[in-house]
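**Q** Construct the complete structure from the given sequences, taking the supplied hints into account.
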Amino acid sequence: MNALRRNVLKGAAGASTVAMAVAVGLLKPTQAMAAWNTAAFEAKNVGDAMKGLGVSGPADSKDIIIKAPDIAENGAVVPVEVTSNIAGTTSIAIIAEKNGTPLVGSFSMSGGAQPFISTRIKMGQTSLVRAVVQAGGKSYTAAKEVKVTIGGCGG
Amino acid sequence: MAEPMRIRATMTGDVADVKVLMNHPMETGQRKDAKTGQLVPAHFIQEVTATLNGAAVLSANLGSGVSKNPYLGFKVKGAKAGDKVVVNWSDNKGDKNTAEAAIS
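Residue numbers (our numbering), protein chains in the order written: chain A, 1 to 155; chain B, 1001 to 1104.
No lab work stands behind these hints: they were computed from the structure. Since we're looking at a predicted model, the values are computed, not measured. Hints are not guaranteed to be accurate.
To be verified - Under the rule of at most 20 Å between Cα atoms (straight-line distance), these lysine to any residue pairs were calculated in the SDA-like manner:
#, chain 1, residue 1, chain 2, residue 2
1, B, K1093, A, E42
2, A, K98, A, A87
3, B, K1068, A, A68
**A** This is how it looks when you write it as structure tokens:
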């Protein structure tokens, strides 16, 4: 029983090196649902992400309030809160500018939903966290820098 | 498959404060398994929708940049105690989950 188990493990280890080489080339996260905005979420830079969202040249606005820590000790969990004081806000998107895929999420409000969103995001490194707000057919933006100390002991 | 989610809705003035915690690994597809060295396939929530008494109030698209076990907080004006809030999510593998709460 035990000897057989050893053999099986050995065989698996040998085979897995080959399998790995194949798998590396094959693993692509291309599966996506129709309603999900693939172009925007798979964009590798902020410009493309905005284009995917249908936003071009958003105006800077002081009426967008981003609440996020100045320094995040753990980049895996960064609490972010966005409040828009712009009348007629219909959607808020959150972008972590230096992430591999910068667009974190887009939220659209309807009914009595307030232009407010609170969530937790991942950040690969220190960068601006940008909020893009769409209101009355126009787009507005604001950003706040969050410093990320990866694996550090705070500070 | 899908773990239960937690939802809480409370009234603050005339605004309902809804907080949702979803249990989900939120794999980006870029992390490697420490033991096998192979990439862990992407597995994350893509869509979240919320309704108040059956009427849509929030529809969100999420990317893999949202933290593990996503937290989502939003506010709905004009709701009242006892109203029903329902939150649904679906991920890139077709898993779904739903939770509902009465506003207190």
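**Q** Would the hint linking K1068 (chain B) and A68 (chain A) be met if the CA-CA limit is 20 Å?
**A** With a Cα-Cα distance of about 18 Å, the restraint between K1068 (chain B) and A68 (chain A) holds, given a limit of 20 Å.
**Q** Are the Cα positions of K1093 (chain B) and E42 (chain A) separated by 20 Å at most?
**A** holds (17 Å)
**Q** Need the status of pair K98 (chain A), A87 (chain A): alpha-carbon distance at most 20 Å?
**A** The hint is violated at about 30 Å.
The structure fails hint 2 only (numbered hints given earlier).
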